[in-house]
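For the record, the sequence lines run as chains L and G.
Residues in the first sequence are numbered consecutively from 1, following UniProt numbering.
Residues in the second sequence are numbered consecutively from 1, following UniProt numbering.
One or more hints might be untrue.
[As the list claims (entries may be wrong)] Covered by chain G, according to a simulated footprint, are these stretches of chain L (three or more residues, beta-carbon under 8 Å):
1. 120 to 132
2. 218 to 225
[To be verified] In silico DMTMM-like links for lysine to aspartate or glutamate, alpha-carbon gap of 20 Å or less:
3. L/Lys137 to G/Glu193
4. G/Lys146 to G/Glu64
5. G/Lys201 to L/Asp247
6. G/Lys34 to G/Glu132
[As the list claims (entries may be wrong)] Coverage of chain G stretches by chain L, computed from C-beta distances (three or more under 8 Å per stretch; other residues unrestricted):
7. 10 to 19
8. 29 to 43
9. 78 to 86
10. 157 to 165
11. 177 to 190
Bear in mind the hints are in silico, worked out from the structure with no lab data behind them.
Ideal Cβ placement from N, Cα and C applies to all residues, glycine included.
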Amino acid sequence: MHPALSVIIFTTATGAGYGLLIWSGLLSAFSATPAERVVALVTLGTALLLVTLGLLSSTLHLGRPERAWRALSQWRTSWLSREGLAAIATYVPATLLGLAWIVSPDPGLAAVLLGVMTACCAVVTIYCTAMIYASLKTVHQWRNQYVVPNYFALGLYCGALLFAALLHLLGHGQPLVDGVAAAAGLVALGGKLAYWRFIATTSHVSTPESATGLGGIGKVRLFEAPHTEENYLMREMGFTIARKHADKLRKLVVLALFGAPILLMLISLLLGGVAAAVVALIAVLSAGAGILVERWLFFAEAKHTVMLYYGARAA
Amino acid sequence: MTCLPEAVPGQKKLGLVIDLDTCVGCHACAVNCKEWNASGHSGPLTDYQNTSDGVWFNRVHTFEAGQGETSRTVNFPRSCLHCEEPACVTVCPTGASYKRAEDGIVLVNAETCIGCKLCSWACPYGAREFDEDDGVMKKCTLCVDKIYNDNLPEADRVPACVATCPSHARHFGDLGDPNSDVSILVAERGGYELMPELGYKPVNRYLPPRPRKNGPPPPSAASSSSCGSDETISLLDLAMKKPDGKGSAFLRWADRVLSR
């Protein structure tokens, strides 16, 4: 599948944003003291900024962005519609939570309720985003049991890295948060490795034989394409990446998205102070580059059944 | 509304039956489809330019099936199958994609489509093509603006692809009615659906190529001819088969040159 930059930014920025929103909401709900008012507000603000940037980026993928509001109507059947509604709904408790912290240094029960609601809404939104892809029977690399857990793991991991870095920058660095970020990274790495093994060892149930119904005669090969130029289908659905290039990019993902940030989190856990803030910031930048490559691969390595009509042996 | 209409027994299911035995691969259906649909319901229909891909609702592929003497070359027209359970409709976030309750035709409302392209991702058959100029998705309408058109003589109220086919390889009718001409044709010829394993229940049917009258024995007993097989064949092999035949020296020479 064609890796469109707008969609890559949409899924990565909202993933990290909702991940951060979950951690921030939990902080407000369960551990915040008046001293952490600034922390709650800054993490909340950063999360909403990332989410908003991601959602705006998604509209750049539309042929008619001015009609984007129409996408909210079909929540009964469409995961894309559900995602839009959940994304907008999340702004309500998140904004109220921010207001609660602004008007009161100790919102008490309001922070508990709104924090939990914000975290729950963020969880639902991440799930809807993942299901946009995981619901498509046409793409084997998307419709499998690894995609939804991976979206959660990566969102929570990126959010935790941002959370840890912001805490260090505000002088509230906590070893527990650094440890949680590193642990989330290991879980997300495990999920990604399992996903890669799955897509390397399995393929789509459909074949050129079932796509044409000519399997009874024998093995089916494309003899002549319907057109000489690339059409929309081939450009959108026929994107392919050479195996050796994919292998290199996967190594980059393992290094930049997982290896380096996890190690840096453990270092900042031991350091504390300004040094820890610098180290945590580098971890965030590294993971930011890594997640973009990871999401690019998520699209580039996905194969669509329509290419069975254009000479693909498997999907 | 992207909820599908409720399935009713005896529901009208308009669709096409495509005969892979008689299709000659002339692309006339594709061209007449483009011609008709360049105006009307989905018009204008973008042509190929630097900035946009041409949008066609009908594409004619050619496949080779089988190997050796039993292999067949099959022309294969591909268009929207107007599925009974189309995922392209249910994934649509705007309601622009819909399936008509009265005849099962799947359509896109170009006035409300936002061009998110998700429907084209959801369709396994590649029935939808994005119109870069209009910023909306387009697809086969089963010539909805032709088949119900009272201004046309009744005989002309068939999809453009069916009307134009010179080898009578395309048939149009109600596949929901077991007694319709198309349903009888499907029953007689063993018409089948494409990718039934995905469960979208396409309405269109394909009629398989008929067995050859004077054909070779079935694949299991086929000779070991290497023609069309996966094995690589060198010109030398051909030369060796006819050691005394004319041109064997030439073939040996050609093999030497090409093997360098």
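Checked hints:
no.: 1; hint: 120 to 132; verdict: violated (count 1)
no.: 2; hint: 218 to 225; verdict: holds (count 8)
no.: 3; hint: L/Lys137 to G/Glu193; verdict: holds (17 Å)
no.: 4; hint: G/Lys146 to G/Glu64; verdict: violated (34 Å)
no.: 5; hint: G/Lys201 to L/Asp247; verdict: violated (38 Å)
no.: 6; hint: G/Lys34 to G/Glu132; verdict: holds (16 Å)
no.: 7; hint: 10 to 19; verdict: violated (count 0)
no.: 8; hint: 29 to 43; verdict: violated (count 1)
no.: 9; hint: 78 to 86; verdict: violated (count 1)
no.: 10; hint: 157 to 165; verdict: violated (count 0)
no.: 11; hint: 177 to 190; verdict: violated (count 0)
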